[in-house]
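If you're matching them up, the sequences are chains S and D in order.
Using our numbering, read the first sequence as starting at 1 and increasing by one per residue.
Using our numbering, read the second sequence as starting at 1 and increasing by one per residue.
Please keep in mind that the hints were generated in silico from the structure rather than gathered at the bench.
On a predicted model such as this, the values are computed, not experimentally measured, just so you know.
Even for Gly, the Cβ is constructed at its ideal location relative to N, Cα and C.
A portion of the hints provided could be inaccurate.
Per label pair, the in silico range of CB-to-CB distance [claimed, not checked]:
hint	chain 1	residue 1	chain 2	residue 2	range
1	D	125	S	130	28 to 34 angstroms
2	S	410	D	14	54 to 60 angstroms
3	S	410	D	128	27 to 33 angstroms
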Amino acid sequence: MKALGRVAAVVAAGATIAGCAGGPGSGGSGDKISDGKVVLAVLNDQSAIYADLSGKSSVEAVKMAVADYKAKYGAKAVVKDVEVLSADHQNKPEVANSKAQELYDRQHADVILDVPSSAAALAVAGVAKAKKKLFMDIGAATTALEGAQCNKYTFHYGYNTYMLAHGTGDTVTKDGSKNWYIVYPDYAFGQDMQKNFTAAVKGAGGTVIQSDPAPFPNDNFSTFLLKAPGLNPKPQVLGTMQAGGDLVNLVKQYNEYKLRDKGIGLAVGLMFITDIHSLGADALAGTKFTDAWYWNASPENRAWADKFQAKVSKRPSFPNAANYSAATQYLEAVQRAGTDGADAVIKQLEGYKFQDAFAHNATIRAQDHLLLHDVSLAQVKPASEVTEPWDYEKVLSTIPADQAFQPADPACKL
Amino acid sequence: MILSRLAARPLLLVAGLFLALALPWMIYPPVALDIACWALFAAALDLLLGFTGLLSFGHAAFWGGAAYVSSLIALHTGLPFPVAVLGGAVFAAALALPIGYLSVRLRGIYFAMVTLAFAQMVYFVVNQWRDLTGGENGLQGVPRELLGLDLSDSFVFYYAGLPLVLIGFVAVWRIVRSPFGRVLVSIRDNPARAQALGYPVQRYKLLAFVLSAGLSGLAGGLFAIGHGFASLETVYWTTSGQAVMMVVLGGIGTLWGGAIGAALVVELNDYLVTAGFEGIGIVTGTIFVLVVLVFRRGIWGTARHLLEARSGGNRPGEPTHGDTPDGTPARSRGVGSPA
Numbered sequence: 001m002k003a004l005g006r007v008a009a010v011v012a013a014g015a016t017i018a019g020c021a022g023g024p025g026s027g028g029s030g031d032k033i034s035d036g037k038v039v040l041a042v043l044n045d046q047s048a049i050y051a052d053l054s055g056k057s058s059v060e061a062v063k064m065a066v067a068d069y070k071a072k073y074g075a076k077a078v079v080k081d082v083e084v085l086s087a088d089h090q091n092k093p094e095v096a097n098s099k100a101q102e103l104y105d106r107q108h109a110d111v112i113l114d115v116p117s118s119a120a121a122l123a124v125a126g127v128a129k130a131k132k133k134l135f136m137d138i139g140a141a142t143t144a145l146e147g148a149q150c151n152k153y154t155f156h157y158g159y160n161t162y163m164l165a166h167g168t169g170d171t172v173t174k175d176g177s178k179n180w181y182i183v184y185p186d187y188a189f190g191q192d193m194q195k196n197f198t199a200a201v202k203g204a205g206g207t208v209i210q211s212d213p214a215p216f217p218n219d220n221f222s223t224f225l226l227k228a229p230g231l232n233p234k235p236q237v238l239g240t241m242q243a244g245g246d247l248v249n250l251v252k253q254y255n256e257y258k259l260r261d262k263g264i265g266l267a268v269g270l271m272f273i274t275d276i277h278s279l280g281a282d283a284l285a286g287t288k289f290t291d292a293w294y295w296n297a298s299p300e301n302r303a304w305a306d307k308f309q310a311k312v313s314k315r316p317s318f319p320n321a322a323n324y325s326a327a328t329q330y331l332e333a334v335q336r337a338g339t340d341g342a343d344a345v346i347k348q349l350e351g352y353k354f355q356d357a358f359a360h361n362a363t364i365r366a367q368d369h370l371l372l373h374d375v376s377l378a379q380v381k382p383a384s385e386v387t388e389p390w391d392y393e394k395v396l397s398t399i400p401a402d403q404a405f406q407p408a409d410p411a412c413k414l
Numbered sequence: 001m002i003l004s005r006l007a008a009r010p011l012l013l014v015a016g017l018f019l020a021l022a023l024p025w026m027i028y029p030p031v032a033l034d035i036a037c038w039a040l041f042a043a044a045l046d047l048l049l050g051f052t053g054l055l056s057f058g059h060a061a062f063w064g065g066a067a068y069v070s071s072l073i074a075l076h077t078g079l080p081f082p083v084a085v086l087g088g089a090v091f092a093a094a095l096a097l098p099i100g101y102l103s104v105r106l107r108g109i110y111f112a113m114v115t116l117a118f119a120q121m122v123y124f125v126v127n128q129w130r131d132l133t134g135g136e137n138g139l140q141g142v143p144r145e146l147l148g149l150d151l152s153d154s155f156v157f158y159y160a161g162l163p164l165v166l167i168g169f170v171a172v173w174r175i176v177r178s179p180f181g182r183v184l185v186s187i188r189d190n191p192a193r194a195q196a197l198g199y200p201v202q203r204y205k206l207l208a209f210v211l212s213a214g215l216s217g218l219a220g221g222l223f224a225i226g227h228g229f230a231s232l233e234t235v236y237w238t239t240s241g242q243a244v245m246m247v248v249l250g251g252i253g254t255l256w257g258g259a260i261g262a263a264l265v266v267e268l269n270d271y272l273v274t275a276g277f278e279g280i281g282i283v284t285g286t287i288f289v290l291v292v293l294v295f296r297r298g299i300w301g302t303a304r305h306l307l308e309a310r311s312g313g314n315r316p317g318e319p320t321h322g323d324t325p326d327g328t329p330a331r332s333r334g335v336g337s338p339a
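So that you can see chain S by itself, here it is in the shape it has in the complex (with noise of 0.2 angstroms):
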């Protein structure tokens, strides 16, 4: 009887370890709505150099987008239960590709947004292709994305190379200085900008004399600074396209070399508007940019900012609109597919055109999934005329959405 009991046990236990190892990945099909909630999931830097311009305050603004989803339909709602998670990456490659595969399997993330840096981005893009769930990048630059590592699941959102190069290199060229020195960091970003930056300059008739790679990270520039007002013939503006530190520390060394009073204007190839805010504007003055959406261009961007504002006692970075609208578009998508599935909203975004707070003339290319939309070539203003905090921009000219970005890369097969 005794030993009866045990096998029993012993049975019993066999079948619970069994039971589980059925667990993982046979989430309820047939179901519109799987696990009956949406789960958008936030994987972005939160604690190291991208922490300030996205990080928290973009889990913010996803929450916003879920407020405003709801409030919207009320309860028309497909999805009345929209969760949203975060996770802090770090920028490290390994840990954003086993949390991007944690937040699909074990969280049921629907999609997953934002994920600054390259190398973590295509590592997501990767693991969304794997589960066949959805994935849409704001925080890389890499046209990688949308090109030969592009595939179904992913959507890149908001920016890249190809689109910073050309705003600020073929404006400023044709705006009269046809002559650059470009300072790029060595490494995949840096090189992609170069690269992007010297096809535009050519293209709209300017030249680049010089371009030179920095060591990155870096915190001297002066042999570039000093080498530049000897070169032959002169440059007229300097390109850098450092990002984060390094640019704050070119741009101080700019200054104290007093560049600008010899002649030579400065053109940066990526910047944020926390840049700005930590430069401080009178650093800056003059710079021209292309920024890909700025919170105080239009009344309609200074209503979401001062939303924003309320939630999050700043003013949002472009980062942090495009995260804004990435989920709000994919709530609308999933509105009205009437599904969750990842297949259905796809189709319902791809060639999707439409306006929001953060895109100005959208579509969602159907041919390798980039956003393309109405970007902005900006300047940043001198502190005389900074009116109130973070006002630190001037809209010179805006760039339309079929201008802003590149054609579609044919090695790009979803």
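Put chain D on the given structure of chain S with help from the hints.
Just chain D, lined up with the frame of chain S:
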């Protein structure tokens, strides 16, 4: 006392094996594989740090180098993944030969610095050789191929990869228990005496370095295949630092301590990433400082020391200033003592 120790060892081994098998049931499978890989990496490093008395600060070169080579083999030839991983391990061992040849003649901090310098050279080569390594973006989409089996589920892949880790652990264990291992310990404790006894000290150190690198490469290759990509992070110096930290946390010269350190660091990192707390480095750093200050023998080392102290009398863990270490060559040492 000796009898109980004899009984305890197989028991611990069985418990460890059971734990290794049960791991993906308890935690998320990809994290479990990370722990297994880092555990082997830490054990391989301990072979050098704890048993030969050489603090290498450049093992990222072997772990990361193997990660790239394994990924390249898997990407370009489509061979089964164990072959790719072994290829990576062989590459790491081959890479360790010249690096080790030039560095083992140095001791202490100089050895650490030279290995660090070599690892940084490897890092720059990997970063610059973009056509092959993908530079900053790394190598993406590495397949997991094994006789046409479907290994896309990381739960399944854990069990496919575990044998490689276990083979690695058996190898480390065998090396430590062998006469060769005893010589290493004697070199650690008194190199002049070992030389006087007729052992070619440099060659022993070099062989230990190459073996340690090869086993690190085994772990690194599996890590890359498990993640499906190789990134620049794997060859960066912080990777070497993390491995050293795991060994110190678990206990230098304890072999199994590295596994505990690895489990702790990986699991903690995994937890903190979603905990919404910004100072991941602060937490791991604090734990590291606490362990170094309070448990100088590391977690496993302290536990073993306490057990042995309670069993009284015979304390094989304590230093005996003889030529041949009794019972266990693995003895606890303070941090920083390897010269």
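A quick look at each hint next to the structure:
{"no.": "1", "hint": "D:125 <-> S:130: 28 to 34 angstroms", "in the structure": "holds (30 angstroms)"}
{"no.": "2", "hint": "S:410 <-> D:14: 54 to 60 angstroms", "in the structure": "holds (58 angstroms)"}
{"no.": "3", "hint": "S:410 <-> D:128: 27 to 33 angstroms", "in the structure": "holds (29 angstroms)"}
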